[in-house]
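Student: One letter stands for each residue in the lines below.
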Amino acid sequence: MPPGFALPALPATVPTEAYVVLSAVLFAIGTLGVLLRKNALTIFMSIELMLNAVNVAFVAFARQFGQFDGQIFVFFVMAVAAAEVAVGLGIIVDIFRSRRTVDIDDVSWLRG
Amino acid sequence: MPFELPELNWWAIAPVLAITLTGSLVMVVDLFTQRRRGQGHLAVISLAGLAVTAALSLLLWNADEEAAFGGMIIVDRFAQFFNLLFVFVVAVVVLMSQEQLDREDFHPGEYYSLLLFSVAGMMLMAAAGDLIMVFLGIELLSIPLYILTGFSRRRIESEEASIKYLLLGAFATGFLLYGIALVYGTTASTNLGCVAQTLGTRSALATDLCAVPALTAVTLPAMLLTGMGLLIVGLGFKAALAPFHMWTPDVYEGAPTSLTAFMSVASKAAAFAAILRVFLIAFPTLVADWGFMLAIIAVITMVVGNTVALLQQNIKRLLAYSSIAHAGYILVAVVAANELGLLAVLFYTVAYALMNLGAFAIVILLGRRGEENLLLGDYAGLGYRQPVLGALMTIFMLSLAGIPPTAGFVGKFYIFTAAVQADQVLLAVIGLLASVISAYYYLRVVYLMYMVEPARAYAAPARAPWVSLAAGLAAAGVLVLGIFPSQILEIAQASVRFLG
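Line by line, the protein sequences give chains R and H.
Everything in the first sequence is counted per my numbering, starting at 1 for the first residue and increasing by one.
Everything in the second sequence is counted per my numbering, starting at 113 for the first residue and increasing by one.
To be clear, the hints were calculated from the coordinates, so they are not data collected in a lab.
All figures in this text were calculated on a predicted structure; none of them were measured in a lab.
Beta carbons: idealized from backbone N, C-alpha and C, even for Gly.
Treat the hints with care, as some may be off.
Listed next, with one range per pair, are the computed distances between beta-carbon atoms [to be verified]: (1) H:R481 with R:T101: 55 to 61 Å; (2) R:I29 with H:R481: 43 to 49 Å; (3) H:V537 with R:I29: 42 to 48 Å; (4) R:R37 with H:Y496: 19 to 25 Å; (5) R:L89 with H:G182: 29 to 35 Å; (6) H:E178 with R:R37: 46 to 52 Å; (7) H:R265 with R:R37: 24 to 30 Å.
Whole structure, please, built from the sequences with the hints as guidance.
Tutor: Shown next as structure tokens:
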């Protein structure tokens, strides 16, 4: 670092609002992913992104309030998401076995 | 950061424990008796466990109202009412499944245990005193249903219904959770009583555990309202409210019929139990806001459900759209939010359970291996081919259409009276018009059964004594509730006192 150069001063802590905005952005990206992507696995990953956006929000609020509650909920969310993924991947593998594709547009015998 | 382990009062969740243990027992017994032909013993174990569960709920009926597990669980008559309803529904579904399990070569061990675990989730939803409990209940309800939907693996539609249900269900869960996070962010708690206290209502359920919020709802109303809206999306998905109903017809058509019956009745009831808990306990001060949102959704739901049902040719899809429409009627009573409205919600969930289970029992009786004979045309001339089945189906269709002297009529009568009492006259009128439309497609089934010659010859339906028993029970219930509704109304009245 050249002499006489100083980094701009950063706030001591990141404000809660920043985390909330981050989580809202992540949530929006996840939602768009679910709506726009066609591959069942990608959709699944987008849903995970939404759930993790929720986790960010929970932890940020928990820190703001000085509580454990919000942090504990994150564990619930992660455990449930893991269970959902286990079932979901099972179903996706089953579909792949019978149709050789996991593209949701090809999986449309029912009319919607 | 103070952190205390909550006191564990296992007695408070005795029914949930009983049903979970029954599910596990079925799984273990199945493991040791796989070589045995038939699955009657598993059904007997399930029914015995359900009897124990019902007995425990009855014992808890007169217990003091209290919050257990640090406010996560509320023990009151409302919870026991729904526990008994779920136990009844799943018992009828176990009877109805006898025929299908044999016909479609399902593996019975997983079928019964997943069904029971799903009921445990529903019970937790009805007893939830915390938004996190609502979330856990919904997931415990849904994950077994995702698997059960895909249970007829020989049918390609079943698999597809399963993946659709899973992806959309998980998507809706994301919204629900974000809603919970936003409510937590504004009120510093997810406990329903604490949320109400922060928002300015004195709630009997608020404890000294409630935190003093750093941000108050007054400063952040937009975030709170967004959170509430997202909660409606998440719960509305489970209750199959339009416009969050897209999954319903496909999943109901693809799933095994006995399971469709279970989903259409039980998960809807659980979703409404949770909606009542969340909005009446936590957000009574915001009744104008959520009442408005729910009123709009109720109108869309009734109109979409009933008009699209007119076009259906497949009986399962017809009943799917009809179930959407009925969710709309129940929502009208929720919007009314007075005492009569609550009574009407509880009464209607029972009435709807009886008539819909009965209708699906007839669909199962007439169905064939591989889910054939499900088109409306297949019902032509049924009244002459099978007079008893025809008569039963007529009772269920009349009840669904809301024609006296059936349970459906009494239920609708109370719902619309409650709406008028709450000055929601417009909502009541739209509901009445919607149910006039609905009479067309329900009575079309009756018309086909008695007025139209069948296009081809049909073999007599297989003898299925248990399914017939389920249909008979449901029909008796529909008529008894339609003619003598006071008994169940008194029970319902005792169950809705949680409002205080």
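Student: Each hint needs a verdict: does it hold in this structure or not?
Tutor: Hints, verified against the model:
no., hint, result
1, H:R481 with R:T101: 55 to 61 Å, "27 Å, violated"
2, R:I29 with H:R481: 43 to 49 Å, "46 Å, holds"
3, H:V537 with R:I29: 42 to 48 Å, "44 Å, holds"
4, R:R37 with H:Y496: 19 to 25 Å, "52 Å, violated"
5, R:L89 with H:G182: 29 to 35 Å, "34 Å, holds"
6, H:E178 with R:R37: 46 to 52 Å, "47 Å, holds"
7, H:R265 with R:R37: 24 to 30 Å, "26 Å, holds"
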